[in-house]
Amino acid sequence: MVTLTNVTKTYFDHSVLKGVNLQIKKGDFLYLIGGSGAGKSTFLRLLATEEAPSLGEVALFGYSLSRVTPSTLNSIRRAVGYIPQNIRLIPDLSVYDNISLSVALSGRKTQQWKIRSKIGELLELFSLTEKKDYLCKFLSGGEAQRVAIARALIRNPEMIIADEPTGAQDRNFTWLLMDLFQKANLKGTTVIVATHDREIVRRVRRPCVNLKDGRVVIGENSCTY
Amino acid sequence: MYLLKLALRPWKASPFNQIFTSASLGTLLVLMAFLMWIESSFNPMIERLKHEQIVTAYLSPGISQIDEGKVLDSLKVKLGASVLKDITVGFVNTEDFLSVVKEHYPKLGQELLNLGTQMNTVVPRFITLSGVFSGNVIDKIQLIQGIESVESTKQRYQHIVNSFSTIQWITRILMFGLMSVIFSVLLHQSRIQAYQFSQTASLLSLFGAGGFLTRVPLMISGLLTGLIGGLFASIIWFQFGSWFSDQIIHFAPIFQRLTLPSSLFGVYVFLLGIVIGLVATIFSQFSKRDNANESY
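From first to last, the protein sequence lines stand for chains A and B. If you use numbering that gives the first Met the number 0, the first sequence closes out at 224, no skipped numbers anywhere. If you use numbering that gives the first Met the number 0, the second sequence closes out at 295, no skipped numbers anywhere.
No wet-lab data here; the hints were simulated from the structure. Just to be clear, a hint being listed does not mean it is correct.
[What the hints assert, rightly or not] Below, computed lysine-lysine pairings styled on DSSO-like, alpha-carbon distance capped at 30 Å: (1) A:K113 - B:K75; (2) A:K131 - A:K25; (3) A:K25 - A:K182; (4) B:K49 - B:K11; (5) A:K182 - A:K131; (6) B:K153 - B:K75; (7) B:K75 - A:K108; (8) B:K4 - A:K136; (9) A:K113 - A:K211; (10) A:K130 - A:K182; (11) B:K139 - B:K49; (12) B:K11 - B:K69; (13) A:K117 - B:K153; (14) B:K84 - B:K11; (15) A:K117 - A:K186; (16) B:K139 - B:K101; (17) B:K69 - A:K136; (18) B:K4 - A:K130; (19) B:K11 - A:K130; (20) A:K131 - A:K117; (21) B:K75 - B:K139; (22) B:K153 - A:K131; (23) A:K108 - A:K186; (24) A:K136 - A:K113; (25) A:K131 - A:K108; (26) B:K106 - A:K131; (27) B:K139 - B:K77.
[What the hints assert, rightly or not] A few chain B residues facing chain A, derived, Cβ under 10 Å: (28) M0; (29) K11; (30) P43; (31) I45; (32) R47; (33) L48; (34) T127; (35) V131; (36) T199; (37) G207; (38) S294.
Here a beta-carbon is modelled for each residue, glycine too, at the ideal position from N, C-alpha and C.
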């Protein structure tokens, strides 16, 4: 599903990731942990195809990203549900439009009433029903993050990439979200969650990829950092 | 629908800026229409001045009054029917000439009459031909027996033709300059919008939108600016174009041959606004993108 081969990412002579090798299989659920500045967000940006590695190769769904055609790259992106750390909503579109645009871009042929109904359910679940017509620029940080999560989940992606998705959320929502991730994972969706939250890692036990000094540490103690 | 909403973002965020840009575009397009009209309507006038002439063929003093008709007939035969159908032929005999002189200068008229038989050597008799001639018509007329000399007004208008040609070139240069200004203004406006839109475009791209799809909102926005500017120009042209052109035409007798502008000019400026708006937006997206983060 995901293969990283000798991946190095450098920003202005500073290497954030150094020769990372990793394979993630379809249907895996794993945490990406590490201290602040360890390169978790960079790692996820590479998986989300937002950035390309400085060296090495990233392959998603069996396609090496450095060699794919633009249309294949778009198809890969459509199969990914990415929740970036900096949220990145379209500020002048409403909550509803931000979410439904994500469905439209996913290329899935779904009837409009089904999309409306599904968005309605997610908004209800995320306590956003009353704010569905609000422009996203008027939302609080926590609300915006929930919209970003809904935007990723609504497209039924084959892979969810979540960068600190509970950073601005209360405990109730955190467990609700982890429950949703687990349900999606049970249906075969690959889930990769970067988190600082030790309690999540402890309560929802899954394998961890620990990033230390730009290198991946996997083993018995990888879930501690 | 989403694309339209995204395209309307600049209009919602800074409506006055957008409206002002469109109005400026419209004003420049009206100027452009005016220059287009000047440029195009000078053409028939210049062509006419270049080729139209009045040829005056003076009869020899030795030709008697009886033979005047024969000379005129010879001239008509020499020119041929094909030339004659496009020109006007007139004949001024001694009596005609004297009557005109007497009307304006009675004393001089009387003095001429007092000359008696010698009058024929002083008072000219001539044939006038006005219209569009081919090059060798003067040579042909000169060969006719009974014709003393031939004059043409062809060279008389040369300086006017030159002046009009110069004005026409200046108009073309102004049109080019105006086009450049319009294009630059819209290009810069589009670049600013493209910069503002870059975050959204990269987000759309990250969610699987193709290159064309990420460009569509900007293209619609540019098209809208051009469309409103063109509409503005078109309305002004339909309302005031004829009046303004009329003022120009009546400004000086020389302009009276200018044709009134076609109402199609209003349609042209409208379409021009749309095309410039769209093209400027497309061009604005060719700028080098910041690729510090090595994206795909």
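For each hint, the structure was consulted:
Annotation: proposed proximity of A:K113 to B:K75 is violated, straight-line Cα distance about 91 Å (limit 30 Å). Straight-line distance between C-alpha atoms of A:K131 and A:K25 comes to about 33 Å, which puts the hinted pair past the 30 Å bound. For a cut-off of 30 Å, the pair hint linking A:K25 to A:K182 stands: about 15 Å separates their Cα positions. Between B:K49 and B:K11 the alpha-carbon distance is near 56 Å, which puts this suggested pair outside the 30 Å criterion.
Restraint check for A:K182 and A:K131: the C-alpha separation of about 25 Å stays at or below 30 Å, so the hint holds. At roughly 21 Å between alpha-carbon atoms, B:K153 and B:K75 fall within 30 Å of each other, so this suggested pair holds. Proximity of B:K75 to A:K108 is assessed by CA-CA distance (about 84 Å); at most 30 Å being required, the pair is judged violated. With a C-alpha separation of about 15 Å, the suggested pairing of B:K4 with A:K136 holds against the 30 Å cut-off.
Using a Cα cut-off of 30 Å, the hinted pair A:K113 and A:K211 is violated, with the two alpha carbons roughly 44 Å apart. With a C-alpha separation of about 26 Å, the suggested pair A:K130 and A:K182 falls inside the 30 Å cut-off, and the hint holds. Using a Cα cut-off of 30 Å, the hinted pair B:K139 and B:K49 holds, with the two alpha carbons roughly 20 Å apart. Between B:K11 and B:K69 the CA atoms are separated by roughly 84 Å; this puts the pair beyond 30 Å, and the hint is violated.
Annotation: proposed proximity of A:K117 to B:K153 is violated, straight-line Cα distance about 84 Å (limit 30 Å). This hinted pair does not check out: B:K84 and B:K11 have alpha carbons roughly 66 Å apart, beyond 30 Å. Between the alpha carbons of A:K117 and A:K186 the distance comes to roughly 17 Å, so the proposed pair stays at or under 30 Å and holds. Restraint check for B:K139 and B:K101: not satisfied, since their Cα atoms lie roughly 34 Å apart, outside the 30 Å limit.
Taken as a hint, the B:K69 and A:K136 pair is broken in the structure, with Cα atoms around 97 Å apart against an allowance of 30 Å. Between B:K4 and A:K130, the direct Cα distance comes to roughly 18 Å. Compliance with the 30 Å bound is thereby established for this hinted pair. Of the pairs offered as hints, the one joining B:K11 and A:K130 holds, with about 20 Å between alpha carbons and a cut-off of 30 Å not exceeded. For the suggested pair A:K131 and A:K117, the alpha carbons sit about 13 Å apart, so the restraint of at most 30 Å is met.
Proximity of B:K75 to B:K139 is assessed by CA-CA distance (about 11 Å); at most 30 Å being required, the pair is judged to hold. The hinted pair formed by B:K153 and A:K131 fails the criterion: a straight-line CA distance of about 80 Å is larger than 30 Å. A hinted pair counts as satisfied when its Cα atoms are at most 30 Å apart, and A:K108 with A:K186 qualifies at roughly 20 Å. Of the supplied pair hints, the one linking A:K136 and A:K113 holds, its CA atoms being roughly 27 Å apart against a limit of 30 Å.
At roughly 23 Å between alpha-carbon atoms, A:K131 and A:K108 fall within 30 Å of each other, so this suggested pair holds. Restraint check for B:K106 and A:K131: not satisfied, since their Cα atoms lie roughly 102 Å apart, outside the 30 Å limit. Our distance criterion of 30 Å between C-alpha atoms is met by B:K139 and B:K77, whose separation comes to about 7 Å. Because the closest C-beta pair between B:M0 and chain A is about 9 Å apart, less than 10 Å, the hint holds.
The beta carbon of B:K11 comes within 7 Å of a beta carbon in chain A, closer than 10 Å, and the hint placing it at the interface holds. Interface hint status for B:P43: violated, as the beta-carbon distance to the closest one in chain A is roughly 53 Å, over 10 Å. Against a cut-off of 10 Å between C-beta atoms, the interface hint on B:I45 is violated, since the closest Cβ of chain A lies about 54 Å away. Nearest Cβ of chain A to the Cβ of B:R47: about 59 Å, over the 10 Å cut. The hint is violated.
With a cut of 10 Å, the hint placing B:L48 at the interface with chain A is violated, because the nearest CB-to-CB distance is about 59 Å. Of the supplied interface hints, the one on B:T127 is violated, with its beta-carbon coming no nearer than about 76 Å to a beta-carbon of chain A, more than 10 Å. Because the closest C-beta pair between B:V131 and chain A is about 62 Å apart, greater than 10 Å, the hint is violated. The restraint placing B:T199 at the interface with chain A holds, with a minimum CB-CB distance near 5 Å, inside the 10 Å limit.
With a cut of 10 Å, the hint placing B:G207 at the interface with chain A holds, because the nearest CB-to-CB distance is about 4 Å. The interface hint given for B:S294 holds, since its Cβ lies 6 Å from the closest Cβ of chain A, which is under the 10 Å cut-off.
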